[in-house]
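There are 2 protein chains.
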Amino acid sequence: MSRFHAIYHVRSDARSIEARAQAIAVEQSVEMPLSAIEDQSILDEIVGKVEAISDLGSGTFAVRIALARATAGNDAGQLINMLFGNTSLQEDAVLQDAEFPDDVVAAFGGPNTGLAGLRDRAGAGERALTCSALKPQGLSPARLADLAARFACGGIDYIKDDHGLADQSYSPFAARCEAVAKALRESGAHARYVPSLTGDLDALRAQIAAAKSAGIDTVMVQPMIMGLSNFSRLVAENRDLAFFAHPTLAGAARIAPPFLFGKVFRMLGADALVFPNHGGRFGYTPETCRAIAGTALAEWHGLKPAVPVPAGGMTIHRVAEMLDFYGSEVMLLIGGALLEARERLTQETAAFVETVKGYRYG
Amino acid sequence: MSRFHAIYHVRSDARSIEARAQAIAVEQSVEMPLSAIEDQSILDEIVGKVEAISDLGSGTFAVRIALARATAGNDAGQLINMLFGNTSLQEDAVLQDAEFPDDVVAAFGGPNTGLAGLRDRAGAGERALTCSALKPQGLSPARLADLAARFACGGIDYIKDDHGLADQSYSPFAARCEAVAKALRESGAHARYVPSLTGDLDALRAQIAAAKSAGIDTVMVQPMIMGLSNFSRLVAENRDLAFFAHPTLAGAARIAPPFLFGKVFRMLGADALVFPNHGGRFGYTPETCRAIAGTALAEWHGLKPAVPVPAGGMTIHRVAEMLDFYGSEVMLLIGGALLEARERLTQETAAFVETVKGYRYG
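One line per chain: the protein sequences are A and B, in this order.
So the first sequence is numbered by the numbering used here: it starts at 1 and just counts up by one.
So the second sequence is numbered by the numbering used here: it starts at 1 and just counts up by one.
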């Protein structure tokens with residue numbers, strides 16, 4: 001019987017943890033009293049099994065539960081449903097990690113291009129990659145294209161949409177792709193535009209078609225808003241595209257970010273993982289950030305590594321510190337702090353790019 | 001300039017709350033330093049505005065922020081992105097509520113049938129509705145169909161899939177629909193089968209086609225796993241179907257359940273809202289449950305009321321107490337506790353149904 005394993009961190013007292021762990025195993029599998037199950041094969045093969053409980057101190061326990069691989073099928077949505085669906089409704093449990101059989105990971109397949117592919121596209125060799133963001137929303141396609149050209153002239157590798165940019169009336173998706181792609185071609189620089197996809201699966205496919213028709217080969221998605229099944233489907237349908245995954249709506253604390261971003265998003269096909277860096281606008285700790293990057297890059301079931309993209313209020317002054325912290329297998333994303341330079345946007349971008357290129361790793 | 005309004009509950013000290021509220025307003029709109037924005041129209045019309053801050057005591061503040069309606073367009077995923085996308089990554093904030101202009105609510109349209117339609121289908125008059133669940137997963141379509149027939153003979157109104165049932169090898173979706181629908185037809189009883197849809201939008205559409213071909217007119221969906229945009233699309237494409245919404249992966253505490261279920265899911269088209277009742281397997285309080293039911297049923301932009309379906313470890317012994325608590329505009333869902341009766345399943349179901357029908361409201 002093939003199984004996958006979920007690891008939950010559960011707040012509990014020592015006397016209650018065995019019963020609570022067993023309750024999670026039942027909730028995430030058959031959701032009913034075991035006394036009402038007549039089939040021995042279901043009790044043996046489908047009901048979740050508590051395999052280990054360890055005391056992490058401070059009233060938290062790690063609970064390892066084996067779940068039947070058959071319950072998840074080959075659908076990413078159903079996989080997260082079996083891993084955490086109903087237990088997400090309980091305040092005492094965090095989905096900390098999971099282990100999957102090779103065939104589950106292979107069926108999803110991971111990044112199309114990953115770190116090496118994103119470096120190749122940028123002609124970046126072994127160095128860290130650079131990225132900025134088009135914003136604020138409310139600007140027209142022509143204005144966003146102008147910003148993109150100025151980033152490109154500064155030498156930036158990737159220019160992504162702010163994740164608030166969708167298919168709005170003030171900046172329709174297809175018109176934005178055309179305008180930005182044209183501006184980048186005319187700039188003669190190597191920068192690639194990464195538009196943000198939104199909407200239902202039909203809309204996402206139409207946006208991909210519009211992006212491809214504008215010559216774009218890299219897109220950004222919001223896996224927790226579009227639904228993991230749709231993300232996985234888009235990646236499988238577009239093996240020629242690279243995908244940036246944005247963390248929007250991923251929550252702060254109920255699914256551990258290193259697992260959600262570094263394993264799930266990567267397994268489903270994220271080539272680059274945007275996440276909130278420590279010390280910026282968000283509350284992630286250095287330890288969480290290090291774990292996200294480490295997980296995204298680690299050898300894991302033969303998948304290509306995904307590029308960590310720490311972001312959220314970064315500035316040029318932090319480049320050296322971030323490269324010390326993350327090493328060269330990273331994409332540094334500075335958005336608002338470059339835009340603050342206004343008429344000096346190209347120069348400020350060039351300074352950012354040169355700082356990254358000139359950095360000597362210790 | 002049309003706006004919608006989000007209300008966040010934010011943990012903060014009194015000295016910091018104004019700056020924190022302003023930071024949320026920026027994060028959920030332009031995501032960049034306002035000093036870098038050159039366009040007065042974007043500052044005036046697109047940037048979020050803090051409209052009110054009130055001290056709720058115990059270090060929590062209610063923050064009301066106006067966001068530009070244009071940023072959300074007409075897409076449900078983009079709406080939740082603008083309401084809570086990046087702020088979901090912060091541990092100090094909960095999305096408590098939101099207010100939408102009439103045209104936003106009207107564009108989504110709400111439940112196809114709602115409470116009255118679900119009562120009509122069951123011939124239930126003004127009484128509370130009854131529901132049970134097919135489980136455990138691992139059973140074959142034939143075995144699930146047998147369970148369904150026995151629930152039906154006991155007089156139950158609706159029989160939903162356990163939300164763990166998907167399109168698995170041991171119980172393929174189409175075969176399950178055929179088998180259960182046939183068993184219910186042959187039972188001669190009025191019960192309706194509510195199969196659970198999973199997968200990407202293509203898979204969801206194929207499952208709806210299979211369900212309709214088996215004569216089924218009510219389905220269950222998992223909005224937070226399928227993605228809100230896809231949920232909304234399916235409802236619009238299938239005005240003849242009733243939709244049960246399951247709360248799986250909706251989290252415990254970061255988006256207030258009365259808002260997420262009673263407003264967002266209802267606005268997008270949920271006719272019935274399954275949620276964890278207090279005093280069962282989940283930790284929701286009576287106050288939260290009362291607020292979910294009240295919100296689902298309240299007059300709101302002219303939408304049909306959605307039926308609250310409190311569930312999660314309910315038993316016949318709680319029927320009177322639950323009807324005292326919720327009144328008659330409710331669907332009571334008892335799953336495992338009926339299945340525990342095993343060979344007496346039909347009689348136990350009949351006892352449940354009779355208790356609901358015989359209850360006299362105070």
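If you're looking for bench data, these hints aren't it; they were derived computationally from the structure.
Fair warning: there could be bad hints in the mix.
Note that the list lumps identical chains together, so a pair holds whenever it fits in one copy or between two copies.
Unchecked claim - Lysine to any residue pairs mimicking SDA-like chemistry, simulated, CA-CA at most 25 Å apart:
id	residue 1	residue 2
1	212	202
2	49	140
3	212	120
4	357	23
5	212	60
Results for each hint:
no.: 1; hint: 212 with 202; result: both (15 Å within a copy, 22 Å between copies)
no.: 2; hint: 49 with 140; result: between (55 Å within a copy, 22 Å between copies)
no.: 3; hint: 212 with 120; result: within (19 Å within a copy, 49 Å between copies)
no.: 4; hint: 357 with 23; result: neither (53 Å within a copy, 32 Å between copies)
no.: 5; hint: 212 with 60; result: neither (48 Å within a copy, 47 Å between copies)
Violation of the numbered hints given earlier is confined to hints 4, 5; the remaining hints are satisfied by the structure.
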